[in-house]
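Visitor: Listed below are the residues making up each chain.
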Amino acid sequence: MKIQKLFQKTLFGVFSLFGVISLSTSVLCVYTVDTHLSEEYESNSKDIAKTIADSSVDILLNRDLSALQSLIDQFVEIQSIRYIYITDEEGEFVAHTFVPGVPEEIRTGDRNNTATVERSLPGMGDFVEVGSPILAGVAGSVHVGMDTDLIALKIQRAIGRQVYLISIILVIGVLAAIWFVNLAAKPLGDLLAYAVALARDQDNGANDQLLGRDDEVGQLARLFLYFSEGVQAEGERPVSAGNDG
Amino acid sequence: MRTITRRALLRSGLTWCAVAPWLNPLRAVADTDAGPPAAQMASGVTDTEIVLGMSAAFSGPSRGLGIELYRGASAYFDHVNEQGGIAGRSVRLKTYDDGYQPAPSVKNTLKLMLQDQVFLLFGYVGTPTVTRVLPMLKKFQDRNIFLFFPFTGAQPQREPPYDAFAFNLRSSYRQETAGLVDNFVRINRKRIAVFYQADAYGRSGWAGVRRALKHYGRQIAGEATYRRGTKFTASMRRQVEILKAAQPEAVICIGSYAACAAFVRDAVNLALQVPIANLSFVGSENLLKLLIHWTLTEGRGNVEAHTRLLVNSQVVPSYEEASMPAVKEYRDLMRRYNPQPPLELLKEPYLPSEYSFVSLEGFINAKLMVEILRRLGDRPERSQLERTVFTVQDFDLGIDERASFGPDRRQGLQQVYYTVVDEGRFVMLDKWEDRFA
Chain A
1 MKIQKLFQKT LFGVFSLFGV ISLSTSVLCV YTVDTHLSEE YESNSKDIAK TIADSSVDIL
61 LNRDLSALQS LIDQFVEIQS IRYIYITDEE GEFVAHTFVP GVPEEIRTGD RNNTATVERS
121 LPGMGDFVEV GSPILAGVAG SVHVGMDTDL IALKIQRAIG RQVYLISIIL VIGVLAAIWF
181 VNLAAKPLGD LLAYAVALAR DQDNGANDQL LGRDDEVGQL ARLFLYFSEG VQAEGERPVS
241 AGNDG
Chain B
1001 MRTITRRALL RSGLTWCAVA PWLNPLRAVA DTDAGPPAAQ MASGVTDTEI VLGMSAAFSG
1061 PSRGLGIELY RGASAYFDHV NEQGGIAGRS VRLKTYDDGY QPAPSVKNTL KLMLQDQVFL
1121 LFGYVGTPTV TRVLPMLKKF QDRNIFLFFP FTGAQPQREP PYDAFAFNLR SSYRQETAGL
1181 VDNFVRINRK RIAVFYQADA YGRSGWAGVR RALKHYGRQI AGEATYRRGT KFTASMRRQV
1241 EILKAAQPEA VICIGSYAAC AAFVRDAVNL ALQVPIANLS FVGSENLLKL LIHWTLTEGR
1301 GNVEAHTRLL VNSQVVPSYE EASMPAVKEY RDLMRRYNPQ PPLELLKEPY LPSEYSFVSL
1361 EGFINAKLMV EILRRLGDRP ERSQLERTVF TVQDFDLGID ERASFGPDRR QGLQQVYYTV
1421 VDEGRFVMLD KWEDRFA
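Note that the protein sequences, when read in sequence, are chains A and B. The numbering used here numbers the first residue of the first sequence as 1 and each following residue consecutively. The numbering used here numbers the first residue of the second sequence as 1001 and each following residue consecutively.
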């Protein structure tokens, strides 16, 4: 199907507009999902750290450390949480989930700092570590490490789904635009062909459908016919006036 | 049709008056002889059997522990059942496999308590499994379901709030680690490192070593961990390197046999030439089997090099000590019955040990269990279990220590034994100085 030149520009405009909308929506979506999910994961991890910290008080003060280990082992089964460690008030590691041992960076760092930090642990990956003090810090602190690669993967998946949806809408939108443009372009093409035929005095009489239309195309067709008939009448009139004179 | 006369009525009335007072006692005696109706019996007890529930590792790298514990207990239960059982009831073990993993052990326990309605829980294996089961016993405390003689020396079932739901026979890891530390310090090996399983069991032993060293004003010299379920084929080089860097004079391992054997193999290969101690839970014979097999097939055939620095603590005497009545009985019954692991639970082939510390522990556990069930009498009730256990005072199990229980003593035995490898088998260690100084 041949698209008229006038409409090619329109189509290009529509396509560009859709593209800009899709791109900006995707960027906004990526930013929103990334920010929200990152915040969500960090917030959840902080909640987990706080829960462990609150539960640890009694265990640290009254019970065997195996109960504490059992507690953190249950939390580390949650996806995206890769490690948990608990230090006492002197900074000694009293429970942790590291294998084959506590990484050097954590062992030599500030063990009771509960601020959120980003860590890159050799052989393990990149992590965001959140902390929570136990008994306002006087009994130690709990630290939870989230795997940033795993979180990034989850965020990518979520974003991927959004972008996929937007892409589908873009394709459907462009196809719909082409269809609508063609809907308008076809009668105009017919009108153009009719006008050319009239100009060549080749009216084949097959234009009832075009002349019968009640829209602008029909009106233009009838106007062309009127002008054409006027020109023909002008051409066929006898030159009596000149003779009279 | 027979006519009822006034005289006949009077005679019947007099007869009834004379007999009636005797009827209830007679009925009671008859009921006792026949045993209580099934509906009135405690869960897990029928006219013919008492069912005990056991969830343990029958598959995976630690399956040797569950299987050997089961075999030892079965040998004694088979013997008792052959002798007529307990008040005419045989003892049956209802077993499930948890593969030494907490989640299946919780599921199995629910099944045993609610579906199978066993009389009590018996012979659970492992700290990570038992620590998850304990809260469930508290949840169902109104049913008086107790856990008897778990194969773990961890503290949670020995301390509030869960001590009220379990009875331990073996010594604790705290006692085992304290004994090892005391002896190492005594022979001037004060820099002690720990290799442990990264879970509740490992932490329990780690805490025991830390506590014992604190007593001497010292700290753990170095530590390395491994994941539960690690196989013998896994490399422990990284762990050995970490501990080697700490320059220890002794290493205490808190793990199961596959991982600990792998550690010993790599430690010797990487020239970490210090005494390596293991706790009773390790499963000494299985550890030794793996080391010997590896040395003879892939190593240089020098078994001595890989085993001479081993020292394993035990919570039962050596199965070689046939002078002890219980050990002699154990050896006789193991030979006579040669109990096999539950076939329906076996997922991979297993070659049982003729004798082992683990099966001897299972045997002694069963021996005391039977005594407690006997003391419950003809009508065993769960509600009477705790009171009955507390009647066990200075009970002679046939070993060199007597078992006692009480409200403040929920662990029957307190002794720790130390063994070393001599000519390819574990024997009692006489003098630490001669062996390791």
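I should point out that these hints are in silico values taken from the structure, not numbers from a laboratory. Source: prediction; values computed, not measured. There's no promise every hint is true.
What the hints assert, rightly or not - Derived SDA-like pairs: lysine to any residue, alpha-carbon spacing no greater than 25 Å straight-line:
| hint | chain 1 | residue 1 | chain 2 | residue 2 |
| --- | --- | --- | --- | --- |
| 1 | B | Lys1231 | A | Lys46 |
| 2 | B | Lys1214 | A | Asn62 |
| 3 | A | Lys46 | A | Thr10 |
| 4 | B | Lys1231 | A | Gly212 |
| 5 | B | Lys1214 | A | Gly101 |
| 6 | B | Lys1107 | A | His36 |
| 7 | B | Lys1111 | A | Leu71 |
| 8 | B | Lys1107 | A | Gln74 |
| 9 | B | Lys1138 | A | Gly101 |
| 10 | B | Lys1214 | A | Glu77 |
Visitor: Give a verdict on every hint.
Guide: Now for the hints, and whether the structure bears them out:
The suggested pairing of Lys1231 of chain B with Lys46 of chain A is violated, with an alpha-carbon distance near 35 Å, which exceeds 25 Å. Restraint check for Lys1214 of chain B and Asn62 of chain A: the C-alpha separation of about 18 Å stays at or below 25 Å, so the hint holds. Proximity of Lys46 of chain A to Thr10 of chain A is assessed by CA-CA distance (about 53 Å); at most 25 Å being required, the pair is judged violated. For the hint linking Lys1231 of chain B to Gly212 of chain A, the alpha-carbon distance of about 88 Å lies beyond 25 Å, and the restraint is violated.
For the hint pairing Lys1214 of chain B with Gly101 of chain A, the CA-to-CA distance comes to about 21 Å; that is within 25 Å, so the pair holds. The hinted pair formed by Lys1107 of chain B and His36 of chain A fails the criterion: a straight-line CA distance of about 37 Å is larger than 25 Å. At most 25 Å may separate the alpha-carbon atoms for a hinted pair to count; Lys1111 of chain B and Leu71 of chain A meet this at roughly 23 Å. Taking the CA atoms of Lys1107 of chain B and Gln74 of chain A, the gap is near 15 Å; set against the 25 Å cutoff, the hint holds.
With a C-alpha separation of about 34 Å, the suggested pair Lys1138 of chain B and Gly101 of chain A falls outside the 25 Å cut-off, and the hint is violated. Distance restraint check for Lys1214 of chain B and Glu77 of chain A: the Cα-Cα separation of roughly 32 Å exceeds the 25 Å cut-off, and the hinted pair is therefore not satisfied.
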